[in-house]
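Chains as they are written, first to last, in this note's numbering: chain A, 1 to 255; chain B, 1 to 93.
One or more of the hints may lead you astray.
[Stated by the list, open to error] PhoX-like cross-link-like pairs, simulated, lysine-lysine; straight-line CA separation at most 25 Å: (1) A/LYS232 - B/LYS71; (2) A/LYS254 - B/LYS71; (3) B/LYS71 - A/LYS152; (4) B/LYS61 - A/LYS180; (5) B/LYS71 - B/LYS2; (6) A/LYS151 - B/LYS79; (7) B/LYS8 - A/LYS184; (8) B/LYS4 - A/LYS141; (9) A/LYS108 - B/LYS3; (10) A/LYS187 - B/LYS8; (11) B/LYS61 - A/LYS175; (12) A/LYS180 - B/LYS71; (13) A/LYS168 - A/LYS152.
Source of the hints: derived by calculation from the structure; they are not laboratory data.
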Amino acid sequence: MEEWRLIDLEIRDAAMNMAIDEAILTFNSQGKVPNTLRTYRWNPSAVSIGYFQSIYEEVDIEACKKRGIDFIRRITGGGAVFHDYEGEITYSIIVRKDHPKIPTNIIKSYQVICQGLLFALADLGLDAEFKPINDIIVAGKKISGNAQTRKKNICLQHGTVLVDLDPKAMFSVLKISDEKMRDKLIKQVGRNVTSIRGELGENIDFEIVKNAIVNGFSKALSFEPVKDKLTKEEFELAKRLKQEKYTSKNWIFKR
Amino acid sequence: MKKKAEFKIPGGKLVKVTIDVEESKIADIMITGDFFMHPEEEIDNLESHLKGISTDENNVKQAINDFFRTKNVELIGAKPEDLLYVIMKAIKE
Numbered sequence: 001m002e003e004w005r006l007i008d009l010e011i012r013d014a015a016m017n018m019a020i021d022e023a024i025l026t027f028n029s030q031g032k033v034p035n036t037l038r039t040y041r042w043n044p045s046a047v048s049i050g051y052f053q054s055i056y057e058e059v060d061i062e063a064c065k066k067r068g069i070d071f072i073r074r075i076t077g078g079g080a081v082f083h084d085y086e087g088e089i090t091y092s093i094i095v096r097k098d099h100p101k102i103p104t105n106i107i108k109s110y111q112v113i114c115q116g117l118l119f120a121l122a123d124l125g126l127d128a129e130f131k132p133i134n135d136i137i138v139a140g141k142k143i144s145g146n147a148q149t150r151k152k153n154i155c156l157q158h159g160t161v162l163v164d165l166d167p168k169a170m171f172s173v174l175k176i177s178d179e180k181m182r183d184k185l186i187k188q189v190g191r192n193v194t195s196i197r198g199e200l201g202e203n204i205d206f207e208i209v210k211n212a213i214v215n216g217f218s219k220a221l222s223f224e225p226v227k228d229k230l231t232k233e234e235f236e237l238a239k240r241l242k243q244e245k246y247t248s249k250n251w252i253f254k255r
Numbered sequence: 001m002k003k004k005a006e007f008k009i010p011g012g013k014l015v016k017v018t019i020d021v022e023e024s025k026i027a028d029i030m031i032t033g034d035f036f037m038h039p040e041e042e043i044d045n046l047e048s049h050l051k052g053i054s055t056d057e058n059n060v061k062q063a064i065n066d067f068f069r070t071k072n073v074e075l076i077g078a079k080p081e082d083l084l085y086v087i088m089k090a091i092k093e
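Next comes chain A alone, as it looks inside the complex (with noise of 0.2 Å):
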């Protein structure tokens, strides 16, 4: 069976997270590395937006700075997160685009990449499906989002499965339109938003749901996760990145 680097759930702050997503990009499709499965949550708790949003429109930044959470702009579309240390994890698929698993038709190839998740949902005991374009749903709340980019002969899928849900939380720091909906959102979450612990009712371990989400996505693309590490060259990419782009205003503040 085909072989991928699996790089092994990592804790870092919001603009290493996306760096090291960019800097195997780039080693990858200079055929460098191969192609790699990695699983990460963010510390401190972050919002990602997607590359087309304002900032302004969707962050609280205020709120973020008083509170220490990270703001950072994904080099993806789709929509506004919030990454909560306590309660989510993110993968992402780094692989080549022309891999006889991946799909040239981009909504087709989301649907087959998130087959990974709804086999590490099934493991987990839910019963999950996959709701285009990009979300994943259990009982008609969605537990994960997804976002695709493809660049330089690469095809890269980030997302993220909830573990734990705090609405509390993600609402401080998402901006809400009209401020005396705030509690009224809050409380609606639950309606449109579910997470792993609160459909199992057990406070499941971060370690079997990474392993689940691992053995899940090796099923669906056919391929054997092997530990491994980011590459010097990478991880030097992905500082300067980090520097350079991540924590810059001209791409946070973008729009």
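Please build the complex by placing chain B on the supplied structure of chain A, with the hints as guidance.
Then chain B, alone, in the frame of chain A:
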């Protein structure tokens, strides 16, 4: 004066437009939202392409169609006509 409009496309994504109209021309425009465009950087070219054109609907429509016809750009979660709709909504604000 900046004018704004937004629209959640049924079965698609949210598109927001902030526009500056001067003498019936688009002086400035920013298209934001949770949609996808590949390659992403083309959003800047689309906005530049719309700057300076007349706000007449047929004209804006023509400019959007020209952009998507001549560029190899894929829009996901929104269609070119959805962009037109939100842009015209903002112009009429």
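Against the structure, the hints:
1. Note on A/LYS232 and B/LYS71: the hinted pairing is violated, with a Cα-Cα distance of about 38 Å set against a maximum of 25 Å.
2. With a C-alpha separation of about 23 Å, the suggested pair A/LYS254 and B/LYS71 falls inside the 25 Å cut-off, and the hint holds.
3. In summary, the hint linking B/LYS71 to A/LYS152 is supported, as the alpha carbons are separated by about 18 Å, within the 25 Å threshold.
4. For the given pair, B/LYS61 sits about 38 Å from A/LYS180 by alpha-carbon distance, which is inconsistent with the 25 Å threshold.
5. Distance restraint check for B/LYS71 and B/LYS2: the Cα-Cα separation of roughly 28 Å exceeds the 25 Å cut-off, and the hinted pair is therefore not satisfied.
6. With a C-alpha separation of about 22 Å, the suggested pair A/LYS151 and B/LYS79 falls inside the 25 Å cut-off, and the hint holds.
7. Of the supplied pair hints, the one linking B/LYS8 and A/LYS184 holds, its CA atoms being roughly 20 Å apart against a limit of 25 Å.
8. Proximity of B/LYS4 to A/LYS141 is assessed by CA-CA distance (about 31 Å); at most 25 Å being required, the pair is judged violated.
9. As the CA atoms of A/LYS108 and B/LYS3 are separated by approximately 36 Å, the hinted pair breaks the 25 Å bound.
10. Distance restraint check for A/LYS187 and B/LYS8: the Cα-Cα separation of roughly 22 Å lies within the 25 Å cut-off, and the hinted pair is therefore satisfied.
11. Between B/LYS61 and A/LYS175 the CA atoms are separated by roughly 32 Å; this puts the pair beyond 25 Å, and the hint is violated.
12. Distance check on the hinted pair: A/LYS180 and B/LYS71 sit about 43 Å apart at the alpha-carbon level, beyond 25 Å; violated.
13. Using a Cα cut-off of 25 Å, the hinted pair A/LYS168 and A/LYS152 is violated, with the two alpha carbons roughly 39 Å apart.
In this structure, the earlier hints numbered 1, 4, 5, 8, 9, 11, 12 and 13 are contradicted, and the remaining ones agree with it.
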